[in-house]
Amino acid sequence: MSSVPARVLNELFTQKLGTAEGKEKMAEYGGSYVRDRLREVSYTRKILPPEQVTRADCQRSVNHDTLVKIVDIEPQSRAMAITFRGQPTARFIRGSRAEVAFFTISSEMFQKPEQELLAYEMPITKIIEENSVKDMQEIEDREFTIHIEAAVQALQVEANGGTATALNATTLAGGGVVEFSIRKGELARASLTNDATPRALQRPDLVNLFKLLDGNRLKSERLLMTESDWDDVLQWTVEDFGDRLQSETAVDGYKYNTLLGRAYIRTIKTDILRTGNIYVFTKPEFFGKFYVLNNTKFYIDKIANMITFQAWEDIAMSVINIASVRKLELYSGDANPTTNADGLLANFIPKSEDALGAINNRVDAGLKFPQVSQY
Amino acid sequence: MSTIQKVNLEPVSDVLPITRRDFPLADPTLSDPLNAVALVDGEWMTLDANYKLIRAAAIGTPGARATLRSFPLFAERGRYDVRAQADKKMPILFLGSYEFDTRVFDSSVALGSGAAITAVLQPLKVATITVVSAGRNFVGLVGHGGSADTDPIVGYVTRLPSANGGKLRFMSGWRS
Chain A
1 MSSVPARVLN ELFTQKLGTA EGKEKMAEYG GSYVRDRLRE VSYTRKILPP EQVTRADCQR
61 SVNHDTLVKI VDIEPQSRAM AITFRGQPTA RFIRGSRAEV AFFTISSEMF QKPEQELLAY
121 EMPITKIIEE NSVKDMQEIE DREFTIHIEA AVQALQVEAN GGTATALNAT TLAGGGVVEF
181 SIRKGELARA SLTNDATPRA LQRPDLVNLF KLLDGNRLKS ERLLMTESDW DDVLQWTVED
241 FGDRLQSETA VDGYKYNTLL GRAYIRTIKT DILRTGNIYV FTKPEFFGKF YVLNNTKFYI
301 DKIANMITFQ AWEDIAMSVI NIASVRKLEL YSGDANPTTN ADGLLANFIP KSEDALGAIN
361 NRVDAGLKFP QVSQY
Chain B
1001 MSTIQKVNLE PVSDVLPITR RDFPLADPTL SDPLNAVALV DGEWMTLDAN YKLIRAAAIG
1061 TPGARATLRS FPLFAERGRY DVRAQADKKM PILFLGSYEF DTRVFDSSVA LGSGAAITAV
1121 LQPLKVATIT VVSAGRNFVG LVGHGGSADT DPIVGYVTRL PSANGGKLRF MSGWRS
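Protein chains in written order, with this note's numbering: chain A, 1 to 375; chain B, 1001 to 1176.
These aren't lab readings, by the way, just hints derived from the structure by calculation.
Because the structure is a prediction, the values reported are computed rather than measured.
Yeah, the Cβ is synthetic: ideal placement off N, Cα and C, and Gly gets one too.
Heads up, a few of these hints could be off.
[Claimed, not checked] Below are the EDC-like pairs computed for lysine to aspartate or glutamate, each with C-alpha atoms no more than 20 Å apart in a straight line:
#1 A:Lys289 x A:Asp72
#2 B:Lys1089 x A:Asp354
#3 A:Lys351 x B:Asp1032
#4 A:Lys219 x A:Glu285
#5 A:Lys211 x A:Glu186
#6 B:Lys1089 x A:Asp135
#7 A:Lys283 x A:Glu186
#8 A:Lys351 x B:Asp1022
#9 B:Lys1089 x A:Asp314
#10 B:Lys1089 x B:Asp1048
[As the list claims (entries may be wrong)] Chain B is nowhere near these chain A residues, computed Cβ spacing over 12 Å in every case:
#11 Asp135
#12 Thr249
#13 Val251
[To be verified] Cβ-to-Cβ under 8 Å is the rule here; a few derived chain B residues that face chain A:
#14 Lys1006
#15 Glu1010
#16 Pro1011
#17 Glu1076
#18 Arg1079
#19 Tyr1080
#20 Arg1083
#21 Thr1130
#22 Arg1159
#23 Pro1161
#24 Ala1163
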C-alpha cells in the first residue's frame, strides 16, 4: 500500500485519465477508508468456467443485430447383443444443437465534477472502478442463479406429470409431490408448518441431494451454498465427522477442499443465493456454457469538468443440460414460482438487481457511535 | 396502413443524447418471438407500479387508447440480448428528444376525439391498432385530434408516410 494520499490520487485521476500510463500508475495506489461490505468474486465462474470466444465463433441473426453461439449436444448411441445372423437396429444420426445468446452486463455510469473529487480523501474513483468488476460479477451470479433455478423447476414439473406442483412440508406429508430435481432437507420435511426458515444442514441432506444427481448416469461434483448454510457444517457432531476431524474443526474450522467427496463453493451473496438453497452440479462439460465475447471494458471521458466512467462486459451463459443440476431446500415452504403455495417465494429467489447489496452502514442517517458533529 | 417488417423503428436524429433505459418486462413471455403478440420495435410501452414495462394500451382491444405517458420500444422482436437475460429487459426511449421513423402506426383511424394522420406537425397519440398484413394487433401511433382530444400527445408528425416510403416520421413531444 502506497503512502500517497488519496486526495493526490483523485487529482491524478482527473489529470491522467485518458492516458494508459496514468491509469497504470493509479492502480499502484490505495487508500484508507471504511468498507461497507465484503465484495466477492463470481461463484458462477467457479462452477461454469468462462471460455473466451471471438466474433468468428458466433452466429448472427437475419432478423436483428445480436449474436449467439451455437453449441452441439452429444449425439445418442447405444449398443446391443445380437445373434450371429441378426443385425443391429439402425440409428439415423442426429445431434441436437442449442443457442447461447450474448448480452451485456454494465456498471452504472458514474459521473462527478472534477472539483468535487477534490473533496475526497479516499481514492473514490479507483474504489468504484475496482468494485465495478465485482458488481458486474454479482449480476453474472444473479443471472446464473435464476437460470439454474429455472432448470430444476422445469425438471420438477416434468417429473410431476407436467404440472407445477407445490413442494412444501404439507404436500410431502400427503405424498402429493415427487422430489425429482428438488428435495427438502430432513428437518424441513418434518416441519408441521410451511415457512421460510432455513433449517440446519445435516449430513443426510447432502447425501440425499447427491443421490438426486448420481442416480441419472451423471455425477455430482460441485456444491454451491451460502456461508450461513455452510456454518451448519461446523455444527456437525462427532458422529458425522469422526474423532480426528471433529477436533480439527473445533480449532480451525473445516479446512478441506471437498465435503463428502465433492468440491464446494461458498458465497456471502445471500441476496442472490438465498440461505436455505443448496445446489449441486456435474462437471461443466455436462452442464452448460459460459462465454465471454468482450472482457471488461472501461470507458472514461471528461467533458468540461464532468468526469464520466463506465465498465461493461459482453457474455453469454446457458444451462444447456438441465438435468445436470439439483437443489436442496432447507425450508419447509413452497419455492415453486408457479404455485407459490405459501406466498413465501420472495424469500427464496434472488432479489431484484436494484435491491442487491443493500447499504450496511447508517452514516448518512447519522448513526455512528460516538456521535460527533463538526462546527 | 403500415406494414410491419423486421425493423420498425429507426432513428433519424442522434441517439447518443437520448436516455435509452432497459426495464424488465412485466410479462417476460412477450420477448419470445414466437409469442402471438410478441413485442416489436416501435410499439409503445409504459411503466407499471413495479417499475416494469407493460404495453401502453390493451393489446387485445383494437382502438384502446393509452392514458399514461408512453415510450417507444427500441428493440426488435426476439433479440438475443433480451432473450439471454434472466429478467428479459428491453430498452425504451426514456428521456430526451428525438426524431424517428416508425412502421407501427395507423394513419387512417380516428379514435376517441382523434383524427386520421393527414398533416405534418399533427400531434400523435398511442392506441392499439390492427395491422391486417401482419394479422395481429400492435400498440402504435394514431392521429391526435388537437385541442378537443384529451388523450396524451406523445409526438408530432414530421413526415407523412406517403412522402416517406410508407414510414411515419415523428418527433418526440409530450403533452398530457
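Structure-based check of all given hints:
no.: 1; hint: A:Lys289 x A:Asp72; result: holds, 11 Å
no.: 2; hint: B:Lys1089 x A:Asp354; result: holds, 13 Å
no.: 3; hint: A:Lys351 x B:Asp1032; result: violated, 24 Å
no.: 4; hint: A:Lys219 x A:Glu285; result: holds, 12 Å
no.: 5; hint: A:Lys211 x A:Glu186; result: holds, 14 Å
no.: 6; hint: B:Lys1089 x A:Asp135; result: holds, 18 Å
no.: 7; hint: A:Lys283 x A:Glu186; result: violated, 26 Å
no.: 8; hint: A:Lys351 x B:Asp1022; result: holds, 18 Å
no.: 9; hint: B:Lys1089 x A:Asp314; result: holds, 15 Å
no.: 10; hint: B:Lys1089 x B:Asp1048; result: holds, 14 Å
no.: 11; hint: Asp135; result: holds, 16 Å
no.: 12; hint: Thr249; result: holds, 37 Å
no.: 13; hint: Val251; result: holds, 42 Å
no.: 14; hint: Lys1006; result: holds, 5 Å
no.: 15; hint: Glu1010; result: violated, 12 Å
no.: 16; hint: Pro1011; result: violated, 14 Å
no.: 17; hint: Glu1076; result: holds, 4 Å
no.: 18; hint: Arg1079; result: holds, 5 Å
no.: 19; hint: Tyr1080; result: holds, 4 Å
no.: 20; hint: Arg1083; result: holds, 5 Å
no.: 21; hint: Thr1130; result: violated, 22 Å
no.: 22; hint: Arg1159; result: violated, 25 Å
no.: 23; hint: Pro1161; result: violated, 23 Å
no.: 24; hint: Ala1163; result: violated, 27 Å
The structure does not agree with the numbered hints 3, 7, 15, 16, 21, 22, 23, 24 stated previously, though it agrees with the rest.
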